[in-house]
Amino acid sequence: MPSEREQERRRLRRTLRLRSVLIASTLMVAVVGALVVGLVSSPGWERFRQTFFSWPDARASFPAIADGFWLNVQLFMICEVLILVVGLAVALARQARSPWLAPLRLLAVVYVDLFRGVPTVLLVLMLGFGMPALGLQGVPISGFFWAGVALVLSYGAYVAEVFRSGIESIHPSQLSSADALGLSRAQAMRFVVVPQAVRRVAPPLLNDFVSLQKDTALVSVVAVFDAVFAARDYTAFNFNFTPYVVVALFFIALTIPLARATDWLGRQALERERAGAR
Amino acid sequence: MTPLVQVEGLRKSYGDRVVLDDVDLCVDKHDVICLIGSSGSGKSTLLRCLNLLEEIDDGVIRFDGREISDPRVEPREVRKRVGMVFQAYNLFPHLSVLENCTLSPRRVHGVPRAEAEQRARELLERFGLAEHETQHPDRLSGGQQQRVALVRALCTQPELLLLDEITAALDPELVGDVLASVRDLAAAGTTMLLATHEMAFARDVATRVCFLDQGRILEQGPPEQVLAEPREERTRQFLRRVLPG
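Sequences listed follow chains E and C, in order. According to this note's numbering, the stretch in the first sequence is residues 836 to 1113, in order. According to this note's numbering, the stretch in the second sequence is residues 759 to 1003, in order.
None of these hints come from the bench; they were simulated from the model. Positions of the beta carbon are idealized from the N, C-alpha and C atoms, including for glycine. A hint or two may mislead.
Stated by the list, open to error - Quick list of the computed label-pair ranges, beta carbon to beta carbon:
id, chain 1, residue 1, chain 2, residue 2, range
1, E, S1004, C, E982, 32 to 40 Å
2, E, Q1031, C, P980, 49 to 57 Å
3, C, P761, E, S860, 42 to 50 Å
As the list claims (entries may be wrong) - Counterexamples of contact, computed for chain C against chain E with all Cβ distances above 12 Å:
id, residue
4, G767
5, L783
6, D786
7, H788
8, H852
9, S862
10, R864
11, T948
Isolated chain C (complex conformation) (with noise of 0.2 Å):
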């Protein structure tokens, strides 16, 4: 089986900075997979590389066997079976949650508007935002939004699905929520890249966890591996900090 995304040598730059050095990185279908490592380790890019938000300065990224990295790849044809939500949300104010929800699945993937309105429904009940969705976004708390969010990804019936720190933003009491509903996606079999730097999600759902360092990918494996006997030392100074105990 050829795996869903496949990243070889990847390099990012900007200008002399290098942000992502050399990384590898295969995603199977049906993977969650965790890349933590501190802040300016290189996460969010990589994430915003694979579905070419960034143009990439070295190595490829196949996506489905396909190379998506050659400047004749059309970004949109991309983007179109890649969903992703953002530490900021992102959503759009001047629209009503469920006009969040449908303006890709209308607009871009042409469904009628009565069905794109049904499965945003479906699923906005389904994450318990049924009540809001003729609001604005700017009406709801953070946990909320972030729902949103991921509802607005899940929408267009992503086969892999991108998240950027999505808790970072939130009060405490709030990432509960939005990690559950995470939770629920894993349990269903959503092929999930994650930016995160909650450890004990990590822990729970994640099927490999990456830790990344200066860039570079300095070791991955199953989360009892990486995050209780880590073999590199950084890594281990990096739970140290974050690990609570």
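Chain E extracted, bound-state conformation (with noise of 0.2 Å):
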């Protein structure tokens, strides 16, 4: 049983708790009161307001937006297993010391650098419309095709660098040890290196997969009729702007969850990290 006096500061504690809850959502509302004032009182709220949040237009553009979010959603998941597998390999290649790969490190450098350097938009652009052109016999023309292998090498670029940092920071002590051991290189990088640098970038990597879930807006830009175009379709045809959120809002529902799960494995493996330390 508490003594007087700590039941006392108990009850002293709750108050300034409470005290601190009370200024923290006085302020919120008074900030968003004010910006929302701000927005409804500007002069051009009412025409703002019927571009861009008009029910009915929301209503009879949602369908079409729907279909094409699908195809946003295939090409995600479809995208995100394949730019796991380059990027894990590419930062491998890069971490590969045999003179035999050599010529593969170099590649996997040239590779990086090119691809992390070229804007996403215009990877997209150029295999979405210069493959096909082509004309080869057994090069798929479809644009869902290679918009889907612009995002991989872009993504891969990026992705394979966070796997190369995470790699990195596992301490040399590890392997100093695998080699004790008598592992192999190979050996010490699947059994020891690897698995704890997937552990430690998975925060990262599915920071990286928010950013993706997004840019496979960029289809839209190839003529594929994923949400984006199926909003700018409805918009050229009714001048109307509420599609566009329609497809925000999409988006939003769809990467919420995912970037929660992100603060939450960061949270663990923050938690199993520090376990004990003060």
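Now that you have both chains on their own, put them together as the hints suggest.
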């Protein structure tokens, strides 16, 4: 049973906590309120509302956007897997020390430098229009396919660097003890370094995937009928921008769960690594 | 004269695990108090409670006559007057030795840069670290790092110094250097509270030794009494295990 004094202290702590909550909520309401008032009282508000928040237009454009969005989701799911494979392979190629693999290492460096430097939208345009234009037998002409390839190449380069920083963050003593146990370098990577590295880079990787989800919208530039293209199509015919807001909501609905998952994973990793440290 | 620190009925638990149970302790100015006891007995937690790194679950802590366990007390005001050194040094690896030592004086205490650096240099000189001031902590040996941590704590001119097993992570041959530094501080009249496993050091330097067992101060008194003729059976058992011969 806590002493009289401690109970008093707990009451006081509760009061102090309550006060901070109160301050926070009041401030929040005030700030949001000021923003809303500022927006609504702007001279063009009525027109703005009609062109961006028109309920009939939202309803009318919804089915086409939902169909298109399914394409975005498919693209994301397929690319995600391929990007992980490409990224890890390139990161490992850059870490290779065997003289036989030197050309591979060089290739990996060139790949990362090149594809990380080119804006993704340019890659999508060049591959999406360029490759089918070659007219080569057996080369797919689908814009969806080439846009996917462009995303994999671009994000593969980013993810490779994320993996590499993870691999390099593993303390050299881990490699020493793997060496001491007689593991080959490949085995050390496979069983000791990479598993630790992957765990460490999971949060930044997920962050990149949130970004990828949004960048699937880039396929719309090569005339693939995704959510953004559907919205633009509607907008062009009806002179109303509400569909863009609808698409934005679709993307937000998709990214928020992944973003929360990222936060959660990051916290988990931190707690695990700092267990007991104060 | 009011004691510098006065602890009454201090209780601290993590969930169901009680770490400190009804602890009473009084520290006067110029006291050097050694907390001994096996690991997990609550020594570190007691030190952390004193500079409000841990929220306590019951009892009262007074510092210089003022109750600091009151939730309205700003912890930073207390920490400005109390220095602490950790077992694992906890130096900032991105700052040089001198920058480690002048960070708090400059940013927290508002001491002008030149003055803070001069004071830090004097202390580094005194602890035999003058030549390392531009280096980063990871370049130094464990013993040197721990002495830097000690200097960093001293640079704010604290009225009370808390030392948390500061030699436990050191090679045996480096322990002596650090303890010699602490000995000098004790001789200069610094008020200190230290958790330690160094019994010989406790015997020589402490004005009082407290034996902690399962979160309680089982017995306390002058070192010659607690270490040589302990009253409690638990203390005797502990001392048999840690004292050679």
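Verification of the supplied hints:
1. E/S1004 with C/E982: 32 to 40 Å: Taking Cβ atoms as reference, E/S1004 and C/E982 lie about 52 Å apart, which means the hint is violated.
2. E/Q1031 with C/P980: 49 to 57 Å: holds, 51 Å
3. C/P761 with E/S860: 42 to 50 Å: Cβ of C/P761 to Cβ of E/S860: about 43 Å, so the range 42 to 50 Å holds.
4. G767: violated, 7 Å
5. L783: C/L783 is indeed farther than 12 Å from all Cβ atoms of chain E, at 17 Å.
6. D786: holds, 24 Å
7. H788: holds, 29 Å
8. H852: Nearest chain E Cβ is 16 Å from C/H852, so the label holds.
9. S862: holds, 19 Å
10. R864: holds, 26 Å
11. T948: holds, 25 Å
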